[in-house]
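Colleague: Letter by letter, the chains look like this.
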Amino acid sequence: MNTNILITGVGGQGIVLCSKLIAQTAMKKSIPVMSAETIGMAQKGGSVQSYLRLGEGAYAAMFPKGTADLLLSFEPGEAVRMLPFLKPGGTAVVNTHAIMPTTASLSESAYSGQEMTEYLKKAVRNLVLVDGDSACRKLGSPRALNMVLLGAALQSGALPFTVEEVDGVMRANVRESFWELNSQALRYCK
Amino acid sequence: MHTEFLMGNAAIARGAIASGLNLVAGYPGTPSTEVLETAAKINDGSFYVEWSVNEKAALELAAGASYSGARTMVTMKQVGLNVASDPLMSLAYIGVKGGMVILVADDPGPISSQTEQDTRTFAAYSKLPCFDPSSVQEAYDMIQEAFEWSEKYHTPVLFRPTTRIDHGYASIAVKDPEEYIKNTPEGFVKDSSKWVIFPRLSNAAHRKIAAREPELSREFSAYVRNGVVRLPRPGFPAIASHGISFAYTMDALQLLGLDLPVLKIATPYPFPEELALQFLKAHKEVLCIEELDPVIERALTYIAGKYHLDVTIRGKLTGDITPAGENTVESVADAIRGFAAKRFSESVDCLDTGASDTDAENPGPNGSRPESSASSSGSVSKAPEVPALPIRPPVLCAGCPHRASFYAVKQAMKGEKTVFCGDIGCYTLGNAMPLDMVDTCLCMGAGLNIAQGIGRIEPDTKCFAFVGDSTFFASAITGVVNAVYNQADMTVVILDNSTTAMTGHQPHPGTGRTMMGQIVDRIDIEAVLRGVGVKTVETVNPLALSEAVDTVKRVALEPGVKAIIFRSPCAVLVKPNPPAAIDPGKCIGCKRCIRELGCPGIVLSEGRVSIESALCTGCGLCRKVCPVQAIS
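Going down the list, the protein sequences come from chains A and B.
First residue of the first sequence? That's 1 in our numbering, and the numbers climb one at a time after it.
First residue of the second sequence? That's 1 in our numbering, and the numbers climb one at a time after it.
For the record, the hints were derived by calculation from the structure and aren't laboratory data.
Computed from a prediction, not measured in an experiment: that's the story for all the values here.
Worth double-checking, as some hints may not be accurate.
What the hints assert, rightly or not - Cross-link-like lysine to aspartate or glutamate pairs, in silico, EDC-like; alpha carbons within 20 Å at most:
| hint | chain 1 | residue 1 | chain 2 | residue 2 |
| --- | --- | --- | --- | --- |
| 1 | A | K122 | B | E385 |
| 2 | A | K87 | B | D334 |
| 3 | A | K28 | A | E115 |
| 4 | B | K306 | B | E274 |
| 5 | B | K414 | B | D439 |
| 6 | B | K284 | B | E274 |
| 7 | A | K87 | B | E612 |
| 8 | A | K121 | B | E385 |
| 9 | B | K553 | B | E612 |
| 10 | B | K414 | B | D436 |
| 11 | B | K586 | B | E612 |
| 12 | A | K190 | A | E165 |
| 13 | A | K20 | B | E4 |
| 14 | B | K410 | B | D439 |
| 15 | A | K29 | B | E4 |
| 16 | A | K28 | A | E165 |
| 17 | A | K29 | A | E180 |
| 18 | A | K190 | A | D167 |
| 19 | A | K20 | A | E118 |
| 20 | B | K182 | B | E385 |
| 21 | A | K28 | B | D176 |
| 22 | A | K28 | B | E612 |
| 23 | A | K138 | A | E165 |
| 24 | B | K41 | B | D176 |
Just chain B, with the same shape it has in the complex:
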């Protein structure tokens, strides 16, 4: 054992490798991406790593390896689990031989996702054991235990950290390589009564899973990661929590100077009922502090009803905890303060360590606590007024080729009735003003089919579907097939920057690189489109603006499904050109460059248009937009 400063996702990868990992596959998605990237970076050749084309492919690949006795891990974000849910639901019945951990990173907020879905709820739905770590150290330890549980019960298991665990860093104790487990897979052993899903097998498997649930629940009640932190104090209010919210709870109790018992739930499914029962018996009121779904709250409410317990369960369902978004130490402290004071006024004296005394001496604008600063008088009246703060919404980078692509389509389609369907990736940011070029965005690969659907109802509208290169391979090809065969009329625009940019530049089948370090034949997007029957496919560099505009005008007029590939590499990955320069003698201050493009590289400085040379990549787009050739 030694100590290292590791990111949560790196710790998870290291824990999996220490468990004798043989194969890891996944699809990039914030906040899960660094798990697979870390594994690939430190791979000594002892296991196989792949960025699969999507989460479904990754999970099926790992299933095959686990059937063969390999220890495998699959990585994805929570919405990726929706894509992988088809094989997952069946695999829950079939089971595995080698240990299989499905890492699904949840994103409370959401910070970088479409939904706030909770993988703990998915665990109950798919009836798969679920592990929910509350710190970086625990993530490292628990993923190793998850492999053991998986193999013991021959089932895939879910491991679901949230963003603050994935992207948090801590100095943690990790194993030395000599301490790693080595797993040598036996190989696939044919047995059609085991590996071929049929109704009869499914019925029998379902019975086994139902019998397993109470057994696992009993075992989890004794599992060291579940437990009561601080001894039960009969008559005192108590707390139940999980994940990063457990950490916030412990910090909040310290802040409040309170010593309340806390039930920590690390395995939300199967729920450790016996442990929870003993906890509930000792208390009259329990506050559940959770993010995403009220999983613990519902489970405790169920147990209280089942055993006729005289206990009140509070949390999201009672309005004590926010129904959406993240918790913080402050929000948790507020909830505990309100909960404990309301119910146990006799012990309120121990709660009186809040904001009021620290506030008076705080010279800051808002005091130390936002909720109390408004009401406390003396010190605040002396504090200066906070000036208006800059807003920094997410925008496409300076030099991003997507800006040029959107601008070219916008120019070409001026005056036409159009709908622009977007998709998932950096280019969703094309919705920001002044480009305003994303009318819809739903989920990976949806834009193509949505454009078809709008076209069915509004045949006089020119429908466009924008899709990135990685998303194209992940889940848009079937949409093109569907559109072509069913005689849709639309323009498919592939924004090909030759990488998966949003998640930090992972390779995909169009890049010619694999995570095992091989250089391979690229899969050609143009050839794929022609292969599925798209007759007009034109490739153009969007930064060659007038050519790009002409291409859009020409292609969009054709009937049926046609495609434009805008190909230009991600600006973050290529060496920038010298920055643009504005000739102050020529600039007439019309600000057209700013109003049309919204590029962070062009700013107003003391009323004059100027180039932010630290950001400008010299892409030249603004030069083509300037009406008086003042930019060179």
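Okay, chain A solo, but in the shape it has when bound:
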């Protein structure tokens, strides 16, 4: 049996590290894991997805639509974009802060993050909305966002790990100066 996880957002939000910590935690628990990231041509600002598959019997990391147990989205518009991947009864953990693309500014057609979250509320039964912006303000750093969202996903029960297990792996993978901030961020959503 596999656990399929789709992490999505915009380049530069810390998605890759988040994905790596989930994979490393699985490794530590001797769960086979594979992942794939889809990153476009732009270094920053483009849509980014990271697919993760935990457990035996999978061949390709990029699983099909309708099979994600967890959709962890760093941006509400990207959550709506990738929602078809969520399986019936799956959990979505979504940051409510919208990131406007350059094109929205050029065409003066900025989209509304609220419209996206309203839609998600209607479409997803197991939805956890996280105000990542205010979380980062309270924690004192925009770089805490990925750990806040990962913490919320752990809290939702959609991942087969405890906060303590992820915290330990985080400490083995990031610089010591970030340990305190990341630990707090992982426990921000209770």
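Here the structure of chain A is known, so what remains is to put chain B in place on it, guided by the hints.
Modeller: Coordinates of chain B only, in the frame set by chain A:
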């Protein structure tokens, strides 16, 4: 042996090192770059690593080392193989002493390339054995075997993962350092009858290669990476696949609850004919699931004809599989469903595990499967309508100096008849609105010659060629020589951000760093240009906008070939300045900054122009564009 979570490209590098690698050279290119980077990062000094000036140089360097008994690897992306094809075609005749693996990463999609060319096809053309891994673990194991095959047959071999193998990660079993092979090169042994290519030698070599092909084909039929997964089931439809498409096939069969036999081809050239023959004899219809060229489909069709077999081969050529772009588990499942249901209606009952039952309970907007959501009624009518989604096309980063360079040329050439020839790199993104400063882009180094060609036909047009610093060294210098000597009239614009930015900041001859960690003399672009006869060469910081505009105006007026070097480091590599600030009292809301520059760091927030401080690097370009000095 132990288990590690590795990227495919890292696994390939580790596999090569475990095979006793003595030298690795390459040129950066997505999705191949991390192979050489990983090797350099973990190099304990036991082998030599270099980012060569281009793929041709890398391959020739490795050839020399392999002549001397070294085990070598060359890394590149698929279009890089075009650059390296000249030495490659001859080296196929000459052969090697030490094992040589040429890693060519293919890019179905394409996601980050000019072409969707298939290195499996190139393998048949160059008559070189080719290895096509289908998982990260297999890539790690197979590259070690590829070195053995190379040495056994004294030939370079091609190893061609695709993007999803290169950039996929998996927990895999890897060797401990004690298990690594050590290769001590014997050194170059002079033998002009062996290492000097002449028509007579070529004729003899060609005969040897032709004789080798059936021999390798027989050996590959027994090679453990090729084979039939799940037993042949006579009368059942069957599948043939390769690479990541094989993984998609296995997942799709599981999804569909089908148990069809699958022929997996890991060596597309020489094709394992005996293995394929036995497979085809057991089946009436075979669906080939491939990405890029229909290599397996053609080979099976050939074998079916050669042995007069009563079997139908389907795939890309019959319209069952998309001719271009990537496969996915969904697209493969669709193809299998259509193929199996059409041909074997009596076994359709086992196919009926598709979308319909899961759809009804899916609360999502599109159901679990896109093709069925439109037709199933009940649940969809209740689902809310999906709001319009943001489009995030690739753009130059906030603070990118290329934006300033393009803007300076655009301002300076307002009202003039111009053509702007671009090249390969981040700066291709200068084509996006509102800059719209790339009129042509073809391949590495082509912009210079294309600008000359347009100028020959339209002498009244001011022709510009934009080229990055890494591309300049890779393949643009000859274009400058050609233009100068043949009396062309054009402006060469070097966008010098002192790195190879697009592929993740590799050093090049202009940076003064090597992959062996040495600090060396930089090769000065200005001196190169003067050395090949360009008389006017001006260097300016593009972020000093008015000076940059004046420089372009002045230089572009001169006759002949002249050059401007816009020098400013890649914004990703330097510590940003404090972000810009907009004085809401002064801003008149004209949005000129947004309309002229298209910088992701300036956004409209509730109708007002504001700075996205997480992205802004404080480059100051918008400050110079604002007509009312509202930005500081």
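Colleague: All hints, please: hold or fail.
Modeller: Hints, verified against the model:
no., hint, result
1, A:K122 with B:E385, "holds, 10 Å"
2, A:K87 with B:D334, "holds, 18 Å"
3, A:K28 with A:E115, "violated, 40 Å"
4, B:K306 with B:E274, "holds, 12 Å"
5, B:K414 with B:D439, "holds, 15 Å"
6, B:K284 with B:E274, "holds, 17 Å"
7, A:K87 with B:E612, "violated, 35 Å"
8, A:K121 with B:E385, "holds, 12 Å"
9, B:K553 with B:E612, "violated, 33 Å"
10, B:K414 with B:D436, "holds, 13 Å"
11, B:K586 with B:E612, "holds, 18 Å"
12, A:K190 with A:E165, "holds, 16 Å"
13, A:K20 with B:E4, "holds, 12 Å"
14, B:K410 with B:D439, "holds, 13 Å"
15, A:K29 with B:E4, "holds, 13 Å"
16, A:K28 with A:E165, "holds, 9 Å"
17, A:K29 with A:E180, "violated, 24 Å"
18, A:K190 with A:D167, "holds, 15 Å"
19, A:K20 with A:E118, "violated, 30 Å"
20, B:K182 with B:E385, "violated, 62 Å"
21, A:K28 with B:D176, "holds, 19 Å"
22, A:K28 with B:E612, "violated, 38 Å"
23, A:K138 with A:E165, "violated, 24 Å"
24, B:K41 with B:D176, "holds, 17 Å"
Violation of the numbered hints given earlier is confined to hints 3, 7, 9, 17, 19, 20, 22, 23; the remaining hints are satisfied by the structure.
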